[in-house]
Structures are given as C-alpha cells and as structure tokens.
Amino acid sequence: MTQVEHSRMANAIRGLAMDAVEKAKSGHPGLPMGAADVATVLFTRFLKYDAAAPAWPDRDRFVLSAGHGSMLLYALLYLTGNEVMTLDQIKRFRQVDSLTPGHPENFRTKGIETTTGPLGQGISTAVGMALAEKMLQAEYGKKIVDHHTYVLASDGDLMEGISQEAIAMAGHWKLNKLIVLWDDNGISIDGPLSIADSVDQVKRFKACGWAAELIDGHDPEAIAAAITRAQKSSRPSLIACKTTIGYGAPTKAGTSKVHGEALGADELKGAKEKLGISLEPFSVPDDVLAAWREAGRRGGPARTEWETRLSEMGPRKRAEFERRLRHERPAALAKALKDHKKALLETPLNAATRKSSEAAIEVIAAAMPSEFLAGSADLTGSNNNKAKSVTGFSAKTPKGRFIHYGIREHGMAAAMNGIFLHGGFAPNGATFLVFSDYARGAIRLSALMGAGVVYVLTHDSIGLGEDGPTHQPVEHLAALRAIPNMRVFRPCDSIETAECWELALNRTNGPTVLALTRQNLPQLRTSAPADNPCSRGGYELVAAQGEAKVSLFATGSEVEIAVAAQKQLAERGIPARVVSVPSLELLLEQPAEAKAKIIGNAPVKIAIEAAVRWGWDAVIGQDGLFIGMHSFGESGPAKELYKHFGITAEAAVEAAVKRLG
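Just so you know, we're using my numbering here: the sequence shown kicks off at 1 and counts up by one.
Simulated from the structure, these hints should not be mistaken for laboratory data. Since the model is a prediction, treat every value here as computed from it, not as a measurement.
Straight-line Cα separation of at most 20 Å, EDC-like style, residue types lysine to aspartate or glutamate; simulated pairs: (1) Lys639 x Glu466; (2) Lys25 x Asp88; (3) Lys142 x Glu305; (4) Lys174 x Asp146.
Produce the complete structure using the sequences and hints provided.
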C-alpha cells in the first residue's frame, strides 16, 4: 500500500469529523478524534472488506456500537471510496434526507452493518453476527464462510445492562472471531466516568470467558499487535484502547466538553493547527486520500478469490447458500404448512396456541432444517418453540439449531437482529409476553431496521392464571402494536397459528410477534383458504343470521368468548357476527374499502380482548363497547379470573342488549 504516515491518515478522520460537526452545530466530535488511530489501524491493516462491494457476504463486519461517534464511520466510508458516501454527504451531516444522520442507520446508507445509537445495542447485535458466522461456517466450511466481527464500543456501551447479557453469551459460546475494541477514554457526557463507575472492564470480560488486555489506543503498533493476538485467540477478545477523547483539541481534549457538542471556531482552529491539518474545511490531502482509497480496494483480491471458490461449489449447494442469504424461503415451506393445515382440518387440535405453535414448528423445522433457528430465554418447556428433531447449539455443536439464551431477553433480541442482518438464518426467540419489556430496546430496533425476526411470546394474558399480575400482560399488546413496522399476531386456534407462522416467516422486512396462550382453546376454524385470511388482519369467522345488529371483534383466546356470545345473541333473536382479528394493525392497514367490509356497519360494535382498550377505537369507534382489562390482573385460576374481570360471553351479551335498548 502507498506509504503515508499513519498520523496523517488518522488526522483525515479527525478533520472531517470536526468540520462536519462544526457545520451542523450538532454532534459528537470527541469519539472520532480519540478513536481515529484505532480505526485507521483496523481499516488499513486488518479489515477484510471491499469498498466497491460493501455487501460482499464474506466481508469482515465492523459495528460502530458507539453510534454517537457516527462521523468516524462516515469519514471511513468516504475515505475508503464507498460510492454513496460523497463529500457532499459529509457536509450534510445530521440534515434531513442525508446519508449521514446523527446515528448510523443501516437501512439508509450502504456500508453500515447495523443501526446503532442506543448504547449497548451494537455490541449485542454483533454477538448475533459472530454467532451466525460460526454456525454458517460449520455448515459450509472456511472456504465460503470465514470472517471476523469487529466492534468499536464506548464506555456507555459497556455500562448498559444489555452488554453483560451479550458478553456472557459470547464468552460461553466461544465466539473467537468477535473482537471488541473499547474506546477507553474515561469520559461520559456528565463528566469523568469516575463519578458513576469503577468497574474493571478487563477483569469483567475475562470473568465472562474473554481474552482481554489494555493497550495504548494512540500507538498504532500496539493496536496492530493486539488485533493480531485477538485474531489468533480461541475466545472472543476485548482490546481496551486507552485514548484521549477529543484528541488534539487544545483545551477541551480529555473533557466532557468535547463529547457531545461542536468544538467552536477557536477550538477547531487550534486543534487543526496542533494536529497539522489544513484549516480549509473538509479538505483531505491528495496523497492521504489516495492512500485511503487504496485501503478501500485492499480487499478486492480476497473478494474475487472468494467468488471463484463460490462458483466452484456444486450448483445446488451454491443456490441454497445464496437463497438463504437473500432471506428467501424454500418452496418446501409453503407445501409443508398447507399439508399441516389440511391435517388439522381432518383431525382438529384443541390446545393452547403455544402447543399449536409447537405443532407448526415441527413442520417448519422439517421443511427448513438448517435455516430455521429457534431459541428461548430460558422457559423452553413453557414456550414450546423447540422442535423435537432439533439439537441445541453450543461451542461444540455449532450445527445445532436451537439456542439456549439463558435468562437474557434483551440480549436474545439483539442477537437475533444480528443473526438476521448477517444472513443465512430465520431467527425466532421466545419468552413470556410480559417479559417483552426487558427486550423492548432491541425489539424497537428490529422494527426500525426492518429485521425479519420472530418473537414467540407466550402466556399472553390473564389466562396464564396463578402467577398473578407480575406475569399477566395487560398493556403489552398495545405497547407492541404501537411500534411502527411491528406486526403483532394473536391467533385464536391451531389453524390461525399455522397461518400466522407462515406470514411471520415470509415477512423479511420487519419483525413479527406471535402472542400465544397458556390455556387450551378449541379449534374454531373449519376451513383453510389458500389466500390465508390472517393476511388481512381480520376476517368474518361467523356470519350473522340476517342483517347483523352486533359485530363482535376478538383476538386469541377471546374469540371463543365472542363465538359463545354470538350464539347467545342469536337465541335472543339478535343477529350478530364474529370477526376474528389476529392482527389489529394489519387490519387497519387494509385499503379503505376492504377494511370497511371487514368491520361492517352493524350499529353495535364490541371488542373483546383480555388486555387494555388502547388501539381498538380505530375499529369499534370511541362509542364502541369494550370487554377487557382496565387494571392489572390478579392471582387465581384462569377461568375464575375471566369471570372476576367480566371477560365473558354473558358480559358481551348484556352490553349488546343494553346498547340496543
């Protein structure tokens, strides 16, 4: 590679970061200035990537977990020659519709592996990427899958609780190709880290099964030597890089003043003079830019060689590999689920939907045995998402396709994001619905990034019974439905459960929740049309005998209640219809005419759901009737709880009769 002093190449990052933040009058210049030496060594000497092909499957992954330092990543993309990251985009840092938003967004800008910003998410997502690499390599071999996952993490990333879940999993799984470079600058927005934290992070990581060491983060040879050691390790590695935040700033370096605000004209001028950077904004010396562009092409030969090896694979195996990376589902899946639904119609399965889900999973796992990747945050025997034919994943059994995440809901959710983003697998993870609160940060990022992961959330209502209000979710359906690009399914029986699984697996541009019951339910469906009624979010399950006076809308376990209420109303001469609503938000997304047809024009509209009302007014109107929860739950047998809270067919009938007058 062209010989240009390391310091000049690192200063190109610093200069662009300072100028962009100054122009925007907003941002975090401190991290890019402090971590520039680390990033320069990594990108010019170690990272296997090709700027001309940022999505090359066997590239090394680089995750900027410290997303507030986004200008570090944007500068690297520009300097190495990423075609979309122009100098104009650098100048438009933090502006509307730019490719340089305040925090990195993978769905917006090519070359960014994952959306980061909420601290702790990047390092935790990277664990999923490294996990996917390990599993895929075990299946396809090192000639096709052999890359590292590098993370640049901040103090804040390591203080967030999710980081403990993530590093514990990575150490237990011996993800030796995961290398975390910690920007150990000892500063947060509030000031010196010592005012809030005294953890010895090197010892902490070692205790979790990592190799860990402390180096000078401004010494390029020390950085290079540490990365070389990490690449040879049999364990994941932490390299604590001792740095000065805002390196080069004459009065603000090493202080919180350079963490989250522009330097200001005088400090910027002083920093550039001290570092030997041109005072001209956004300027990079020609020889420095040329050296960076050469670094951006350094991985080209490796990519070409990999493409040759891929072409030498058998055509069937290669096609399968490429299909999985595209997140396309095998043709066998549709047939398997069609046959499964046919079998259910012939022999109905009256069971809890968690058990109905288990039956569907057995079929799914057989149809896509290598890519269907299930897991559970403990509770496997309660969540029922482990197929009998599947073995557990471990460091010694990397071909296992069930992951025991331990009691780590947040870490599980973030890892699944990383698994999906890496490609090759269809991940799903399970816990109780109420514990989705623990994972909400990562679940939100699933939706923001459009990650096609599936959350299997069982024990979905007061119907779980005796465990009481701490375990009974009442607001959680509404909270999950409120997340943009989230799809929540609450199937009412075994047929709907199979249909919802099919929709979930075929949705690869966003996450899906399957909310499933603990208590047994009857199989209500008597047909399984090819168009999958659940795809419309709602459909008429039971038609009225005559012009409907009442429309009963229900989800999950409460559809059974709606059906009973319809029968009682019919006995009173009141025509009523039942609309099953497996996905409220999907129903509301239907075209106006289709939605109006499903909702109907009955004068009385009643929604029945063992949860809070939020969201239902869009279907039943503000004057509609709601049979559900208005408080937290109670400890007791499920059937008694439904009576206690008035979620019964009799309550629905009484409300309808009263409204009709």
